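Trainee: Single-letter residue listing:
Number of protein chains: 2
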Amino acid sequence: MNANDRSHSVVFPLGEEVKSENFSGRVWMKMLTSIESECPVGNVTFEPGCRNSWHTHGGGQVLLVTGGRGYYQEWGQPARQLQAGDVVQIPPHAKHWHGASKDSWFVHVFVLVNPEKGPTSWLEPVSDDDYCILE
Amino acid sequence: MNANDRSHSVVFPLGEEVKSENFSGRVWMKMLTSIESECPVGNVTFEPGCRNSWHTHGGGQVLLVTGGRGYYQEWGQPARQLQAGDVVQIPPHAKHWHGASKDSWFVHVFVLVNPEKGPTSWLEPVSDDDYCILE
Numbered sequence: 001m002n003a004n005d006r007s008h009s010v011v012f013p014l015g016e017e018v019k020s021e022n023f024s025g026r027v028w029m030k031m032l033t034s035i036e037s038e039c040p041v042g043n044v045t046f047e048p049g050c051r052n053s054w055h056t057h058g059g060g061q062v063l064l065v066t067g068g069r070g071y072y073q074e075w076g077q078p079a080r081q082l083q084a085g086d087v088v089q090i091p092p093h094a095k096h097w098h099g100a101s102k103d104s105w106f107v108h109v110f111v112l113v114n115p116e117k118g119p120t121s122w123l124e125p126v127s128d129d130d131y132c133i134l135e
Numbered sequence: 136m137n138a139n140d141r142s143h144s145v146v147f148p149l150g151e152e153v154k155s156e157n158f159s160g161r162v163w164m165k166m167l168t169s170i171e172s173e174c175p176v177g178n179v180t181f182e183p184g185c186r187n188s189w190h191t192h193g194g195g196q197v198l199l200v201t202g203g204r205g206y207y208q209e210w211g212q213p214a215r216q217l218q219a220g221d222v223v224q225i226p227p228h229a230k231h232w233h234g235a236s237k238d239s240w241f242v243h244v245f246v247l248v249n250p251e252k253g254p255t256s257w258l259e260p261v262s263d264d265d266y267c268i269l270e
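Protein chains in written order, with the numbering used here: chain U, 1 to 135; chain L, 136 to 270.
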């Protein structure tokens with residue numbers, strides 16, 4: 001990280017770097033409640049250009065953006081640009097991705113809703129073609 | 136609000152002032168998801184000295200502190216001091232209060248966990264004696 005990034009705007013801890021094929025670049029995560037709890041809450045920090053693959057949640061998810069600039073997109077819909085203070089309610093089973101813009105770090109808290117209703121299912125990566133047209 | 140307060144540290148919208156006998160002073164709330172949703176999320180901003188009355192939640196609650204300085208206390212336990220980045224997991228039916236310190240605004244997001252398991256039940260105010268000993 002360098003002095004020009006937006007990671008200084010984080011409110012919650014950065015946590016540990018996540019090594020996963022479901023992210024296109026470097027990403028850090030800190031669970032804020034237990035992953036086993038009835039309401040798992042965590043903080044995710046994406047480096048510029050990093051986004052997760054398309055995926056679904058059995059019970060849905062809420063995103064609370066605390067810093068940087070990024071996107072949320074549902075399958076078949078235009079991408080929505082996000083910045084600090086924005087909130088996304090992701091319906092159960094909605095195929096979607098989220099992540100940073102090309103030129104900014106991006107930080108959000110996630111709340112996993114009713115995780116007992118089903119797991120997170122990871123699908124294909126967001127194509128470079130689909131990502132690169134975003135402004 | 137004046138230039139010395141901590142409310143500038145808020146990430147999420149202030150919302151509307153809440154007029155309720157369950158708060159000892161001025162407080163503002165903005166729902167970030169629908170109050171009817173399976174996972175109600177909202178932002179609460181307390182003026183200095185303002186706290187809520189003792190209360191319980193049927194399904195529990197998570198607090199995510201985004202600004203200022205305040206407290207969380209469970210019945211029979213010492214108060215815990217809170218600042219930005221702190222997280223509180225409130226068990227179902229635990230009698231508790233939260234609010235600002237005497238000299239600072241206090242801002243937190245709340246996540247109501249499993250609200251279908253029971254309502255929020257409001258009890259007696261936190262006494263001035265109990266509050267005034269806090270540092």
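Since the hints were derived computationally from the structure, they do not count as laboratory data. These numbers were taken from a predicted model, which means no experiment stands behind them. Ideal Cβ placement from N, Cα and C applies to all residues, glycine included. It is possible that part of the hints are untrue.
In silico negatives: residues of chain L with every beta carbon more than 10 angstroms from chain U [claimed, not checked]:
id	residue
1	Cys174
2	Cys185
3	Gln208
4	Trp257
Simulated coverage check for chain L against chain U, where a stretch passes if three residues somewhere in it have a Cβ under 8 angstroms from a Cβ of chain U [to be verified]:
id	segment
5	152-164
6	212-222
Label pairs and their calculated CB-CB ranges [claimed, not checked]:
id	chain 1	residue 1	chain 2	residue 2	range
7	L	Asn157	U	Glu21	42 to 50 angstroms
8	L	Glu209	U	Pro91	45 to 53 angstroms
9	U	Leu134	L	Asp263	35 to 43 angstroms
10	U	Ser34	L	Gly211	37 to 45 angstroms
Trainee: Hint by hint, note whether the structure agrees.
Mentor: Now the hints, each set against the structure:
1. Some Cβ of chain U comes within 10 angstroms of the Cβ of L/Cys174; the nearest lies about 4 angstroms off, and the non-interface call is violated.
2. Against chain U, the non-interface label of L/Cys185 holds: every CB pair exceeds 10 angstroms, the least being about 21 angstroms.
3. At the 10 angstroms boundary, the C-beta of L/Gln208 stays outside the reach of chain U, the nearest C-beta of that chain being 19 angstroms off.
4. No Cβ of chain U comes within 10 angstroms of the Cβ of L/Trp257; the nearest lies about 22 angstroms off, and the non-interface call holds.
5. Closer than 8 angstroms: that is the beta-carbon criterion, and the segment 152-164 of chain L has 0 residues meeting it against chain U, so the requirement of 3 is violated.
6. With 3 residues carrying a beta carbon less than 8 angstroms from a beta carbon of chain U, the segment 212-222 of chain L meets the three-residue requirement, and the given coverage holds.
7. For L/Asn157 and U/Glu21, the Cβ-Cβ distance of about 48 angstroms falls inside the hinted range of 42 to 50 angstroms, so the restraint holds.
8. Taking the beta carbon of each, L/Glu209 and U/Pro91 are about 34 angstroms apart, not inside 45 to 53 angstroms as hinted.
9. For the pair U/Leu134 and L/Asp263, the beta carbons lie near 54 angstroms from each other, so the given range of 35 to 43 angstroms is not met.
10. For the hinted restraint 37 to 45 angstroms between U/Ser34 and L/Gly211, the CB-CB distance of approximately 23 angstroms leaves it violated.
Figure legend: structure checked against the earlier numbered hints; hints not met, in rising order: 1, 5, 8, 9, 10.
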